[in-house]
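Student: Since chain A is already given, all that's left is putting chain B on it; use the hints.
Number of protein chains: 2
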Amino acid sequence: MMVLITYDVNTTSEAGKRRLRLVAKQCRNFGQRVQNSVFECLVDAAQMKQLKHRLVGLIDPERDSLRFYYLGNEWRNRVEHVGTKASIDLEGPLIA
Amino acid sequence: MMVLITYDVNTTSEAGKRRLRLVAKQCRNFGQRVQNSVFECLVDAAQMKQLKHRLVGLIDPERDSLRFYYLGNEWRNRVEHVGTKASIDLEGPLIA
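Sequence order for the protein chains is A and B. Each number in my numbering comes from the position in the first sequence (counting from 1) with 147 added on. Each number in my numbering comes from the position in the second sequence (counting from 1) with 147 added on.
None of these hints come from the bench; they were simulated from the model. No false leads were mixed into what you were given.
Since the list can't tell identical chains apart, any single copy or any two copies may satisfy a pair.
Each computed EDC-like pair below joins lysine to aspartate or glutamate, with the alpha-carbon atoms no more than 16 Å apart:
| no. | residue 1 | residue 2 |
| --- | --- | --- |
| 1 | Lys232 | Asp207 |
| 2 | Lys196 | Glu227 |
| 3 | Lys164 | Asp207 |
| 4 | Lys199 | Glu227 |
Looking at chain A on its own, in the form it has when it is part of the complex (with noise of 0.2 Å):
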């Protein structure tokens, strides 16, 4: 299934430049970045429980914001880009 995945994370300290890292880093394992804090991730249902215990662990709640959007395995019909970096179809032909 596909899942949306977009954050805020407050980035006034520190501490929220390393949750930023590490919050993109996580998405980054299971997915492509579509915009700068928009992830992609291609994932079942095991891998998603597991993604979403570490990024629910990496953020502070008080500060920094996690939605997940389950698009299903229709996604493709559900979405639109328009502008610049299109993303790569994870499932299409690697071109080598």
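Tutor: Showing chain B alone in chain A's frame:
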């Protein structure tokens, strides 16, 4: 239907900062901000067409990025929030 709009606008120039303000303003007309550059818009097809037309006309496709995620009508089951500023339930009771 619920449409999630996420955007990245290049704000390294004054023109970019202006584009960012205008994009946010348009999105505010049709929905609510749930994160810095993430809006949830409860719209019908005609409103979505209008909003998309305006946003596409506002951004610089060479520098900026717009993504539309069509979450459909059963969108509440697709969204999870952790942390600050949970979104207001657009269709929920207005709290006087």
